[in-house]
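Take the two lone chains and join them into the complex the hints point to.
From first to last, the protein sequence lines stand for chains C and H. Under the working numbering, the residues of the first sequence are numbered 1 to 224, in order. Under the working numbering, the residues of the second sequence are numbered 225 to 452, in order.
Hints are computed from structural coordinates only; laboratory data are not their basis. Do not rely on the hints blindly, as some may be mistaken.
Claimed, not checked - FRET-style restraints, in silico, Cβ to Cβ:
1) C:T114 <-> H:H237: 18 to 26 angstroms
2) H:L235 <-> C:G28: 27 to 35 angstroms
3) C:V53 <-> H:H354: 54 to 62 angstroms
4) C:A207 <-> H:N298: 52 to 60 angstroms
Glycine included, every Cβ here is placed at the ideal spot set by N, Cα and C.
Residue-level listing of the chains:
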Amino acid sequence: MEGAWVALALTLKVASCATALNLLFGVGVGYAMARWRFPGRDLLDALLTLPMVMPPTVLGYYLLVLIGSRGPIGAWLLQHFGIRLIFTWQAAVIAATVVAFPLVFKAARAAFETVEPQLEEAARTLGIGEAAVFFRVSLPLAWRGILSGLLLSFARALGEFGATLMVAGSIPGKTQTLSIAVYEAVQAGQDDMANFLVAVTSLTCIAVLLAAGKLVPGRVAPRL
Amino acid sequence: MDWNVALTKHLRHEDAHFELEVAFSSHAPRLALFGPSGAGKTQVIKMLAGISRPDHGHVRIAGHVLFDSAAGVNLPARQRRLGYVFQDYALFPHLTVQQNIGFALQGGWRNPALRGAAPPAVQRWLDAFHLQPVAGLYPHQISGGQRQRVALARALVHEPAALLLDEPFAALDKALRQRLRDELRDLQATLRIPTLLITHDDDDLQALADDVVHMSAGKVAPAPQSSA
Numbered sequence: 001m002e003g004a005w006v007a008l009a010l011t012l013k014v015a016s017c018a019t020a021l022n023l024l025f026g027v028g029v030g031y032a033m034a035r036w037r038f039p040g041r042d043l044l045d046a047l048l049t050l051p052m053v054m055p056p057t058v059l060g061y062y063l064l065v066l067i068g069s070r071g072p073i074g075a076w077l078l079q080h081f082g083i084r085l086i087f088t089w090q091a092a093v094i095a096a097t098v099v100a101f102p103l104v105f106k107a108a109r110a111a112f113e114t115v116e117p118q119l120e121e122a123a124r125t126l127g128i129g130e131a132a133v134f135f136r137v138s139l140p141l142a143w144r145g146i147l148s149g150l151l152l153s154f155a156r157a158l159g160e161f162g163a164t165l166m167v168a169g170s171i172p173g174k175t176q177t178l179s180i181a182v183y184e185a186v187q188a189g190q191d192d193m194a195n196f197l198v199a200v201t202s203l204t205c206i207a208v209l210l211a212a213g214k215l216v217p218g219r220v221a222p223r224l
Numbered sequence: 225m226d227w228n229v230a231l232t233k234h235l236r237h238e239d240a241h242f243e244l245e246v247a248f249s250s251h252a253p254r255l256a257l258f259g260p261s262g263a264g265k266t267q268v269i270k271m272l273a274g275i276s277r278p279d280h281g282h283v284r285i286a287g288h289v290l291f292d293s294a295a296g297v298n299l300p301a302r303q304r305r306l307g308y309v310f311q312d313y314a315l316f317p318h319l320t321v322q323q324n325i326g327f328a329l330q331g332g333w334r335n336p337a338l339r340g341a342a343p344p345a346v347q348r349w350l351d352a353f354h355l356q357p358v359a360g361l362y363p364h365q366i367s368g369g370q371r372q373r374v375a376l377a378r379a380l381v382h383e384p385a386a387l388l389l390d391e392p393f394a395a396l397d398k399a400l401r402q403r404l405r406d407e408l409r410d411l412q413a414t415l416r417i418p419t420l421l422i423t424h425d426d427d428d429l430q431a432l433a434d435d436v437v438h439m440s441a442g443k444v445a446p447a448p449q450s451s452a
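One chain only, chain H, in its complex shape (with noise of 0.2 angstroms):
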C-alpha cells in the first residue's frame, strides 16, 4: 500500500500568508498525519481528496495518480474514489441519516428517495453501525457519536479506494472516543482499507495508525523524542 506525496502550495487568508510544504511517502496502510492545529494537516487531507488544488506536486495513493502538476493531471474530487470523512462530519442537514448514507450511491440529479427500502449497502451499514433506528431521523436529531457513524457511512457506501478521516474524534467526549476508536479499529481490521488519519491525540496514534509523518507549521516536521 502506498502513499507517495509531494505538495506545496501558497495560501493567503486578508494578509495572513502561509507556505504549505509537504512531502511523505509511506507504505503503511494505516498512517496518521501528526501536529498541533494550525500546522496544515486538513490543507493536506483536502489537497489528497481533490477539493483544494496544489501549486506543484504529485498524490499518488495505492498505485493510483490523482494528482501530478509536472504530468497536467488532477482528477477531479469526484472521480478520485476517496472516502473522506470531515472534521465536523458535514452531512447533509436537508437528508435523512438512510439518504444520506445512500447519497454516493445514487447516480442523477435526485437525491434517494425519503421513504421506501434502502439499497442492500445502506442497509449493511445501518446495520453494522447500529443506525437502523434512527435511518428517519434528520442529522440535528441525532446524538454526536450517531453523526460520526453516519459521516463514516457515507463516505465507506460507494467502496472508496481509501479513506481520509479528519480528526474523526474531535466533536465527541472522552468516554465516546475510547469507544469509537475501538469501533474504527475493528473496522480497520475487518475492511482492510488504506486509512489516511489527521489527528493530534497520541491514543489515535496507539490504535489507528502503523506510520505517522509529523507536521508542523506547514512543514513535515522530524518525528520528536517524547511527544510532550
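The following block holds chain C by itself, in its conformation from the complex (with noise of 0.2 angstroms):
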C-alpha cells in the first residue's frame, strides 16, 4: 500500500506546478484577450479552447510529436540542455497544464470582461502605472472568478490521465500518478490496491473541494 502514498505525493506534486504554471500563462492570456481587439481574436480563442474538447490521447499525441526527442521542442532541449522530457514527472506536469489551461484561461477572460474598463481608466488618472493599475483594480477585481477557474483547474490535473499515460508514461514512483495506478492495479488484478487506491482518491478529492469552500468565501463581492 506504500505505493499509493507515493502516487498521491506524485499527484499532488503534478497538479500544483500546473495550477501555478496555469495561474500565469492562464491568468495572462485570459487578460489580454478580454482587453485587447485583434484580426484573428476568435479564431485563437477556440485554439486555446481546444484542450478542454479534444480527446486527452490526442491532446498526448501532440505533445508526443512536439516534446519527444524528435520533436521540434524536444530536439532543441536535448541538443542544447541535455534534457529529455519525455516519461518524466515534468512531462505530466505538461500534459496536466495543458489540459487544464482553458478552465483558467476561459474563467480568467469571463472575469476581467466584467471589470469595468472605467475603474482602470480612474486609476490611470489617479498616477498609476499600466502594472499597478492591473495589480491594483484589474486583478482584485476579477480575482474571484479566476480562483474558482484555477480550482476547476486543480481539479482537473488531479484526474488526468489520458495525455499524462502518452507522454509521461506510467512508472511506479516516478511517473504514475493516482489514475494511472488505478488504472493498472485494476488491469493487474490487485483489487485491494485499486480498493485503496480509489478510497485515497476520493478523500483527496473531497478534501479539495472542502478546501475550495473556504477559499472562495460565500459572501457577495462589493458591487457599487
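This is how it looks when you write it as C-alpha cells:
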C-alpha cells in the first residue's frame, strides 16, 4: 500500500505545478484576450479552448510530437541542455497544464471582462502605472472568478489520465499518478490495491472541495 | 488660467459614425462645457484626461502641453496631473472610502492598507467632507452624496493642476444636488483650482462657471439667445 502514498504525493506535486503554471499563463492570456481587440481573436480563442474538448489521447499525441526527442521542442532541449522530457514527472506537469489551461483561461477572461474599463481609467488618471493598475484594480476585481477557475483546473489536473499516460508513461514512483495507478491495479487484478487507491483518490477530492469552500468565501463581492 | 483645446476625432460605434470637432480657448478658471446629452462632452473630457486619444489637435491646460499631434506630444493619463470625477464616480468597489481617497498617494503595486491611520492628506479630506464615520465602509455601503464627495476627494488628494467634473450631480436627487453644488462652489473658492465642468443644467452654470462653451452634435455651437 506504500505505493499509493507515493502516487498520491506525485499526483499532488504534478497538479500543484500545473496549477501554478496555469495561474501565470491562464491569467495573462485571459487578460490579454479580454482587453485587446485584434484580427484572428476568435480563432485564437478557439485554439486555446481546444484542449478542453479534444480527447486527451489526441492531445497527448500532439505533445509527444512536440516534446519527444525528435520533436522540434524536444530535440532543441536535448541538443542544448541534454534534457529528455518524455517519461519524466515534468512531462506529466506539461500534460496536466495543457489539459487544464482552458479552465483557467476561460474563467480569467470572463472575470476580466466584468471589470469596468472605467475603473482602470480612473486609476490611470490618479497617476498609477500600467502594472499597478493591473495588480491594484483589475486583478483584485477579477480574483474570485480566477480562483474558481484555478480550483477547477487543479481538480482536472488531479484526474488527468490520457495525455499523461502518453507523454509520461506509467513508471511506479516516478510518473505513475493516482488515476494511472488505479488503472494498472485493476488491469493486474490487484483488487485490494485498487480499492485502496480509489479510497485515497476519493478522500483527496473531498479534501480539495472542502478547501475550495474555504478559499472562495460565500459572501457577495462588494459592488458599487 | 488657460484652457486651449482643439480636437478632432472620428468615432465609430457599430454602424454609427460620429465626427467630433471641437476647439475652444478660455482664460476663465471655472469653465463649463454645456450641451445636451449626446453632444460629445464626455468624449472631450476623456481626451483632456488622456483616456481617449484624439486623431488631431492639441490640449494645453494651465500652460502645460498635454497633447499636440503636430509636435508628437501625448502625455499618458497618469502624467497629466488632472483630477477627474467620473459621472458615476467610478469608485473602486473593492476598496474602502479611506483606501479610495488614498489611492493616488500610494505608489507601487499594492493598494493603501485596509487598517491603520490614513496619511494626513487623506485625513484632511475625510474631515473636510464629513466622511470620517464612513471611512472604513465600501462604496456600495454609503449614500450617493457621500460617494460624490469620495470621488471628489480621491481626485483632489494628489493636488491636481486642474479638476475635470463630468456631470457631478447627475446621480443625485434635487435637494441634495443644491447642497452639493454650494459645497463645490465653496471648494472652488478656497482651493482656487481651475475646473472644467460638464453639465446640461442651467443652475450649475450659474453657480459653478465663469465661462461657457456650448456644444451640440460634436461641435462647438454659438451661445443660444435663450437656453430653452
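Evaluation of the provided hints:
A beta carbon spacing of about 21 angstroms between T114 (chain C) and H237 (chain H) agrees with the range 18 to 26 angstroms that was offered as a hint. For the hinted restraint 27 to 35 angstroms between L235 (chain H) and G28 (chain C), the CB-CB distance of approximately 31 angstroms keeps it satisfied. Distance hint check for V53 (chain C) and H354 (chain H): the Cβ-Cβ separation is about 57 angstroms, which falls inside the suggested range of 54 to 62 angstroms. A207 (chain C) and N298 (chain H) have their C-beta atoms about 54 angstroms apart, which keeps the hinted 52 to 60 angstroms range intact.
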